[in-house]
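Undergrad: What follows is each chain in one-letter form.
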Amino acid sequence: MTTAIVTSELVKAFGRVRALNGLQLSVKTGEVHGFLGPNGAGKSTTIRVLLGLLRADSGRAEVLGADPWREAVALHRRIAYVPGDVELWPNLTGGEAIDLLGRLRGGLDKARRDELIERFDLDPTKKGRTYSKGNRQKVAIVAALASDAELLLLDEPTAGLDPLMEVVFQDVIDQLKAQGRTVLLSSHILAQVEKLADRISIIRQGEIVQTGTLAEMRQLTRTTIEALTRQPVTGMERLPGIHDLEAGDGPVRFAVDGEHLEEAVRALSQFGVRALTSHPPTLEELMLRHYGDELAAAGEPAGDVR
Amino acid sequence: MTTTLTAEAPASGAGASATRPGDALAGTGALVRFILRRDRIKLPAWLLGMALLLSMFLNGVAELTKTEEQRQDLLRIMEGATGAIFGPGYGRDDITTERYVVGVYGLFFFVLAALMSLLLVARHTRAEEQNGRAELVRSAVVGRNAHLTAALVVAAGANVALALLLGGVMAANGYGGADGLLFGASVGAVGLVFAGVTALTVQVTEYSRAATAMAGTVLGAAWAVRAAGDMIEDYGSPLSWFSPLAWSNQTRPYVDGRWWPLLLSLGLAAVTATAGYALSGRRDVGAGLVAARAGRTDAAPWLRSPLTAAFRLQRTGLIGWTVALTASGFLFGGLGEQVADPANMSEDRIDMFGGSVDTLLDGYLGVITMFTAVLAGIMVVLGVQSARTEETKGRAEPVLATATSRWAWFGGYLTVLALGLVAMLLIVGLATGIAAAVAESDGSYVWDLTAAHLAHAPGILVMLGLAALLFGVLPRAIGVTWAVLGYSLFVGFFGEIMDLPGWARNLSPVEHAGQPPLDDVSWPATVTLLLIAAALAAAGLVAFRRRDLETT
Chain A
1 MTTAIVTSEL VKAFGRVRAL NGLQLSVKTG EVHGFLGPNG AGKSTTIRVL LGLLRADSGR
61 AEVLGADPWR EAVALHRRIA YVPGDVELWP NLTGGEAIDL LGRLRGGLDK ARRDELIERF
121 DLDPTKKGRT YSKGNRQKVA IVAALASDAE LLLLDEPTAG LDPLMEVVFQ DVIDQLKAQG
181 RTVLLSSHIL AQVEKLADRI SIIRQGEIVQ TGTLAEMRQL TRTTIEALTR QPVTGMERLP
241 GIHDLEAGDG PVRFAVDGEH LEEAVRALSQ FGVRALTSHP PTLEELMLRH YGDELAAAGE
301 PAGDVR
Chain B
1 MTTTLTAEAP ASGAGASATR PGDALAGTGA LVRFILRRDR IKLPAWLLGM ALLLSMFLNG
61 VAELTKTEEQ RQDLLRIMEG ATGAIFGPGY GRDDITTERY VVGVYGLFFF VLAALMSLLL
121 VARHTRAEEQ NGRAELVRSA VVGRNAHLTA ALVVAAGANV ALALLLGGVM AANGYGGADG
181 LLFGASVGAV GLVFAGVTAL TVQVTEYSRA ATAMAGTVLG AAWAVRAAGD MIEDYGSPLS
241 WFSPLAWSNQ TRPYVDGRWW PLLLSLGLAA VTATAGYALS GRRDVGAGLV AARAGRTDAA
301 PWLRSPLTAA FRLQRTGLIG WTVALTASGF LFGGLGEQVA DPANMSEDRI DMFGGSVDTL
361 LDGYLGVITM FTAVLAGIMV VLGVQSARTE ETKGRAEPVL ATATSRWAWF GGYLTVLALG
421 LVAMLLIVGL ATGIAAAVAE SDGSYVWDLT AAHLAHAPGI LVMLGLAALL FGVLPRAIGV
481 TWAVLGYSLF VGFFGEIMDL PGWARNLSPV EHAGQPPLDD VSWPATVTLL LIAAALAAAG
541 LVAFRRRDLE TT
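Each protein sequence line maps, in turn, to chains A and B. According to the working numbering, the first sequence is numbered sequentially starting from 1. According to the working numbering, the second sequence is numbered sequentially starting from 1.
The hints are simulated quantities; they were obtained by calculation from the structure and are not laboratory data. Remember, predicted model here, so these are calculated numbers, not experimental data. Just so you know, not all the hints are guaranteed correct.
As a list, the in silico SDA-like pairs of lysine to any residue whose alpha-carbon atoms are at most 20 Å apart [as the list claims (entries may be wrong)]:
no., chain 1, residue 1, chain 2, residue 2
1, A, Lys126, B, Ala171
2, A, Lys110, B, Asp298
3, A, Lys177, A, Glu166
4, A, Lys133, B, Val285
5, A, Lys133, B, Leu136
6, A, Lys177, A, Asp198
Which stretches of chain A does chain B cover? Using the computed rule of at least three CB atoms under 8 Å from a CB of chain B, they are [as the list claims (entries may be wrong)]:
no., stretch
7, 102-116
8, 133-141
9, 257-268
Chain B side only, calculated, beta carbon under 8 Å to chain A, not exhaustive [to be verified]:
no., residue
10, Glu79
11, Arg296
12, Thr297
13, Asp298
14, Leu303
15, Arg304
16, Leu313
17, Gly317
18, Lys393
19, Gly394
20, Leu400
21, Leu549
Each residue gets a CB set at the ideal place from its N, CA and C atoms; glycine is no exception.
One chain only, chain A, in its complex shape (with noise of 0.2 Å):
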């Protein structure tokens, strides 16, 4: 099999609101796949359908081959799943509420168990109802990464943590990617799913907006660069792909198709570069390069969102 995720023309309405407007979604096996898309696109409600915790309206999702609403318990033995927003139980602690999810999908790794939670910096004997919102985060992280599903599901699951602890968790996700295990990774920040995503996918409003590898959606996108120089900059105008240059007295500040980053930086370079900041493209400027018009009309800044 080489498709662990697939769904087709999944809608999902709450009342009036159409959360999931016909949404094609396709994740290989083994591989990491960023889900990305502003709040409210309907990342949690697809993740949602996908573990048989909602009934999609119409459409068709699978989910390791399986129906996810009719066999959600079969299913789930080879599923982890991260919420989105946490809540533990207030009298059991941490330690509690991990071995208790774990048993509950199966059994959990008690080495493994241990080895993350030392990791992670958890402390797990302190009661759910006294946890910050990353700690409660890290218990769930843990309670599923202890598992050896095939298959994990995980809604936001850095949203809290510290910026220590996000490396962790991208080391940690990697050697599951080594084991080939499949990883649907939902943020709502590029920044977060860049360094571990195999292919990505936008989605916004109910839709699946563009599929695609980050070097192929780069290639789509523009990097902001700001340089100082020791001399004044000229001439940048002339080369291709260049967006949005202010070159004066002071800085240069310009935006440059993916694929002409390397001519630019060489340009660049020639005026003797004291300082250089690149800003990579954001989720932002990845949905305004398609819906910049749109979001111009509904009175949002078109331009540099960072």
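With chain A held as given, fit chain B onto it using these hints.
TA: Showing chain B alone in chain A's frame:
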């Protein structure tokens, strides 16, 4: 400016006590309005509900004080050990409606006023801190003591309003307004005391529920001390005076009303509130005086299935309910002899206790058993509601994302509640039976009362089934079960006296068990009820399997 001073105070750390008093109270007015806005339904509901209840009691009791025989019945409740449960019993030599309502039902109003006040104070102080909302509010121009002060101001205002309202109800029903106001003030004084006590307990623990439980324990202890004191001596012994509830009884409205005991209440309220302020100044936002304890590193080996998980989450509640009902069963079981003395008993009461003078004690025990069963029903409905809370708070979601089916998850809850109910009725039945057996020197009561309690299990299981069905089909409406529960209690107490038609009585699931131990256990009814309960629960499970999981 106040702004800069309050902003600097936390930064300087040691300067806490140097802050001017006005700064610590900054923003209190706004918070008072905020509390009133948030409780705009809750608070009037408490006040009007209690006013309505008083009106109902007055009208009901007026029907029971018409003849000499009826007054003899009431005297039975007002004297001796039974009387001491409710109060010292002033005015029982010449019972009138108002004396009886104030002397016996007064206890209900004391307890309700205490609950209203302690829940209000905890809700707007510790609960706010626990949820992190207080932090947000305190980061604005709001002083250190503003939260506590605002909650106490609202609590004091609510109790003053309550006093006036209850006095007004007494006056409007034609009973003296001055004594009515004294009664109202006595009730409000209990509320004030427990607002003060809660101001203290919310400083001690980090958790709102623990603070509420502590204040509730003080209330229970206050009642026990007063009841014990009043049992020792007629009209109260020195021991009684150690209880704030006694002070409100000792105002003796409608007998020889006096106001001075309420000074003690005001004093205690002031002392406890002051202690609350003192402790509050010594701790950080969100912290308690008692540090949270560390728990287990890993789960107990048995915590490994949906069933055991449901048990683990319900355990505290099950134990608490069993202990409380066992204590009350033991108490009521031992009082049978006195209450069921047929001398001078009115027809109404004989009807309520089964209709025959020869079996009055069994009839009385039957009413007590029914009462216990309905209280057990409260636990069952609360249990289903806590399953619903698990769902809406998002705690069911990760569990149902494991290899746990909807059947197993909700079925686990229902199984734990059903087994817990049966175990509880068994234990409470034994306790009641032992108390009755000792009081009557008749060992057969142990078995009879245990069987009687268990005979009520099927009726309560129907309530559980109903709540389960609603959980599956229309989860927002689980509360409807409360109405059925209340109706069952009403039918059980007054169905006979009020000559309710048979069909109206049969609507109560509890009614079908009869009045054991007075009646024999009816096996056909038992089996039918069990089948109905199972069908309702199964329908609820099927419906839950077919609906979306709802998270907020």
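Undergrad: When the nearest CB of chain A is found for B:Arg304, is that gap smaller than 8 Å?
TA: holds, 4 Å
Undergrad: B:Leu549 was flagged as interface toward chain A. Is the shortest Cβ-Cβ separation under 8 Å?
TA: holds, 4 Å
Undergrad: Is A:Lys133 close enough to B:Val285, meaning Cα to Cα at most 20 Å?
TA: holds, 18 Å
Undergrad: Checking hints one by one. Is B:Leu400 an interface residue toward chain A, by the C-beta closer than 8 Å rule?
TA: Hint on B:Leu400: holds, closest Cβ of chain A at ~6 Å, below 8 Å.
Undergrad: With a cut-off of 8 Å on the beta carbons, see whether B:Leu313 makes it to chain A.
TA: OK, holds: B:Leu313 within 8 Å of chain A, min 6 Å.
Undergrad: Identify whether the interface hint at B:Glu79 stands, where standing means a beta carbon of chain A within less than 8 Å of its own.
TA: It is violated, given that the least Cβ distance between B:Glu79 and chain A is near 45 Å, above 8 Å.
Undergrad: In terms of beta carbon proximity below 8 Å, does the stretch 102-116 of chain A have 3 or more residues touching chain B?
TA: n = 4 at 8 Å, threshold three: holds.
Undergrad: Can you confirm whether the C-alpha distance between A:Lys177 and A:Glu166 stays at or below 20 Å?
TA: The given pair, whose Cα atoms are some 16 Å apart, holds under the 20 Å limit.
Undergrad: With chain A as the partner, please determine if B:Gly394 meets the hint condition of a C-beta pair closer than 8 Å.
TA: holds, 4 Å
Undergrad: The hint names B:Asp298 as touching chain A; please verify it with the least Cβ-Cβ distance against 8 Å.
TA: holds, 5 Å
Undergrad: Next item in the hint list is B:Gly317. Is there a CB on chain A closer than 8 Å to its CB?
TA: Result: violated, 11 Å to nearest chain A Cβ.
Undergrad: Confirm or reject the coverage of the stretch 133-141 of chain A by chain B under the rule of 3 or more residues with a beta carbon closer than 8 Å to the chain's beta carbons.
TA: violated (count 1)
Violated hints for the displayed structure, listed by number in ascending order: 1, 8, 9, 10, 17.
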